[in-house]
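Protein chains: 2
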Amino acid sequence: MPEIRRGLDLHKFLATRTEAVNRALDQSLPPAKTKPATIHKAMRYSLFAGGKRMRPALCLAAAQACGGAEKDALPLACAVECIHTYSLIHDDLPAMDDDDFRRGKPTNHKVFGEGIAILAGDALLTQAFELAAQCRKFPRYPHQTIILEIARAAGSLQLIAGQVADLEAEGKQIPGPELKFIHERKTSALLCCATRLGGMSANCPPGQLAALTRFGHHVGLAFQVIDDILDVTQTSEQLGKTAGKDVAEQKATYPAIVGLEESRKIAAQLTDQAFAALKIFKGRAVALEALAEFLLKRDR
Amino acid sequence: MPEIRRGLDLHKFLATRTEAVNRALDQSLPPAKTKPATIHKAMRYSLFAGGKRMRPALCLAAAQACGGAEKDALPLACAVECIHTYSLIHDDLPAMDDDDFRRGKPTNHKVFGEGIAILAGDALLTQAFELAAQCRKFPRYPHQTIILEIARAAGSLQLIAGQVADLEAEGKQIPGPELKFIHERKTSALLCCATRLGGMSANCPPGQLAALTRFGHHVGLAFQVIDDILDVTQTSEQLGKTAGKDVAEQKATYPAIVGLEESRKIAAQLTDQAFAALKIFKGRAVALEALAEFLLKRDR
Chain A
4 MPEIRRGLDL
14 HKFLATRTEA
24 VNRALDQSLP
34 PAKTKPATIH
44 KAMRYSLFAG
54 GKRMRPALCL
64 AAAQACGGAE
74 KDALPLACAV
84 ECIHTYSLIH
94 DDLPAMDDDD
104 FRRGKPTNHK
114 VFGEGIAILA
124 GDALLTQAFE
134 LAAQCRKFPR
144 YPHQTIILEI
154 ARAAGSLQLI
164 AGQVADLEAE
174 GKQIPGPELK
184 FIHERKTSAL
194 LCCATRLGGM
204 SANCPPGQLA
214 ALTRFGHHVG
224 LAFQVIDDIL
234 DVTQTSEQLG
244 KTAGKDVAEQ
254 KATYPAIVGL
264 EESRKIAAQL
274 TDQAFAALKI
284 FKGRAVALEA
294 LAEFLLKRDR
Chain B
4 MPEIRRGLDL
14 HKFLATRTEA
24 VNRALDQSLP
34 PAKTKPATIH
44 KAMRYSLFAG
54 GKRMRPALCL
64 AAAQACGGAE
74 KDALPLACAV
84 ECIHTYSLIH
94 DDLPAMDDDD
104 FRRGKPTNHK
114 VFGEGIAILA
124 GDALLTQAFE
134 LAAQCRKFPR
144 YPHQTIILEI
154 ARAAGSLQLI
164 AGQVADLEAE
174 GKQIPGPELK
184 FIHERKTSAL
194 LCCATRLGGM
204 SANCPPGQLA
214 ALTRFGHHVG
224 LAFQVIDDIL
234 DVTQTSEQLG
244 KTAGKDVAEQ
254 KATYPAIVGL
264 EESRKIAAQL
274 TDQAFAALKI
284 FKGRAVALEA
294 LAEFLLKRDR
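These protein sequence lines map, in sequence, to chains A and B. Taking this note's numbering, the leading residue of the first sequence gets 4, the next gets one more, and so forth. Taking this note's numbering, the leading residue of the second sequence gets 4, the next gets one more, and so forth.
In case anyone wonders, no lab produced these hints; they're calculated from the structure. You can take every hint at face value.
Which copy? The list can't say, so a pair holds if one copy fits it or any two copies do.
Capping the alpha-carbon separation at 25 Å, the derived lysine to any residue pairs in SDA-like fashion look like this:
{"#": "1", "residue 1": "K175", "residue 2": "V235"}
{"#": "2", "residue 1": "K254", "residue 2": "L233"}
{"#": "3", "residue 1": "K44", "residue 2": "A172"}
{"#": "4", "residue 1": "K183", "residue 2": "P33"}
{"#": "5", "residue 1": "K248", "residue 2": "D101"}
{"#": "6", "residue 1": "K248", "residue 2": "G116"}
{"#": "7", "residue 1": "K44", "residue 2": "E152"}
{"#": "8", "residue 1": "K108", "residue 2": "R26"}
{"#": "9", "residue 1": "K44", "residue 2": "L160"}
{"#": "10", "residue 1": "K140", "residue 2": "E152"}
{"#": "11", "residue 1": "K38", "residue 2": "K254"}
{"#": "12", "residue 1": "K140", "residue 2": "N206"}
{"#": "13", "residue 1": "K113", "residue 2": "M99"}
{"#": "14", "residue 1": "K36", "residue 2": "E171"}
{"#": "15", "residue 1": "K248", "residue 2": "R303"}
{"#": "16", "residue 1": "K44", "residue 2": "E181"}
{"#": "17", "residue 1": "K74", "residue 2": "L151"}
{"#": "18", "residue 1": "K300", "residue 2": "T216"}
{"#": "19", "residue 1": "K55", "residue 2": "F278"}
{"#": "20", "residue 1": "K55", "residue 2": "Q241"}
{"#": "21", "residue 1": "K55", "residue 2": "F104"}
{"#": "22", "residue 1": "K38", "residue 2": "I177"}
None of these values were measured; they are calculated from a predicted model.
The task is simple: from the sequences and hints, build the whole structure.
Here's what the structure looks like:
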């Protein structure tokens, strides 16, 4: 469990922010009964399936580090979570990773069928832009900049590129740099985007935005390396999703290429690099530091 | 074929606008070779599969009617076409309408597989927002307004709602108003959005925007009624897609509910209502009028 770091109780930080994000998401989505009810039930099923809300937490923590008001970052935190959830729904489909469980529950298509699951993902992706467009106006970062930031992180050169490269690498021996290409896009791009959006919502100066970019990039890479490690070392019950799938499907992972011990070292190095990027905040980035430490030590 | 209407050669109008839209789309998408090449090839395959570009044409014609420069409307015309193409790719999937042919060519998933087809649709939807965010700033309609316009038309209360209701109506006897609910969302919402965006790009006053809304709404409904009529009366070769599918799959359509003759009357009435909405433009909406007439008389 998270520790108290420089006076920050991360457990409390995560609980309060998760609650705020859940409330904001609940208010921004059409109620489950809205016609056609199936799609709104399906969107809400995955959005409220117990996600850890790490991307929103990074977004809000970044806003805090830059001296912003977290409520200004909230629509952007929610937008990123909608994109994350859409990508999980589509990734779990039979035509992709073919997963039956996610966060301990049946995946969206197992409950609603493939057609509705595809449409629920589409609707959450679209909802993300509706949410982002409704954020406050930030003098340095107009809506145009915010929308471009999200569209590029989620687009065919980043998030989707990662998923495609990941699909294509299945069953193949790929070199380390190629694996890094996948991780940078599949995971790091959206985490980095979440962190940057938090800074933008605080109208941060360019130096702070660059620091948040380095931080998000390295935390994102560490996050995926750890995800791959946990897939090997934990049980399905511990993870809430099918463990050992990477090996079974011959997925390209760090443990598969460089082994477990070396993977752990890489994750720790990446986390150190993430910490180093936060120096510019002179101690005001306690929540970001605590989140990075939490992500490194997590067991699911 | 389209006629010359009040000095407007619609054939030439459509040819030049299609060329401009194709060029702009080509320039805005990553080249087909960009890594991972599969996704960019798949996006371009459907985007350049010979679509009639009716939504971009409506967008550009609306800009013209409002006295705007068409080049200002072009990114928005392209954004709407990306959304239209994404919706076709996803609708054609086996989990949805399960179509093997579209515009005389194999559908996206038949060429690239289901996984890539889903991701290509996702990428085009995301690309639409990237394109829209890059439009000029219009004094009355800031980027926030433009993005909200597109997100709402494409979201779970409009375009996606139509597709869900359409899926759920298969094999059922549904009443006329329910069919109108489907058509308004499945088809009319995005056509109306395209037309409104054209007006917005010309910084049109609210009265003109309201007229474009009425026009787009009625043309959209007429368009779908005619689509349903053609599915019954034309061959697969004429349509470039599988004809008679609506009947085979017991789809809810106007011909199925009120018969062919009554459907033709409804389409003509809707077109008349669309024309009536254009009065405010006092003859400057020739391209919109010609497009509406063309859509009514089309045979594919």
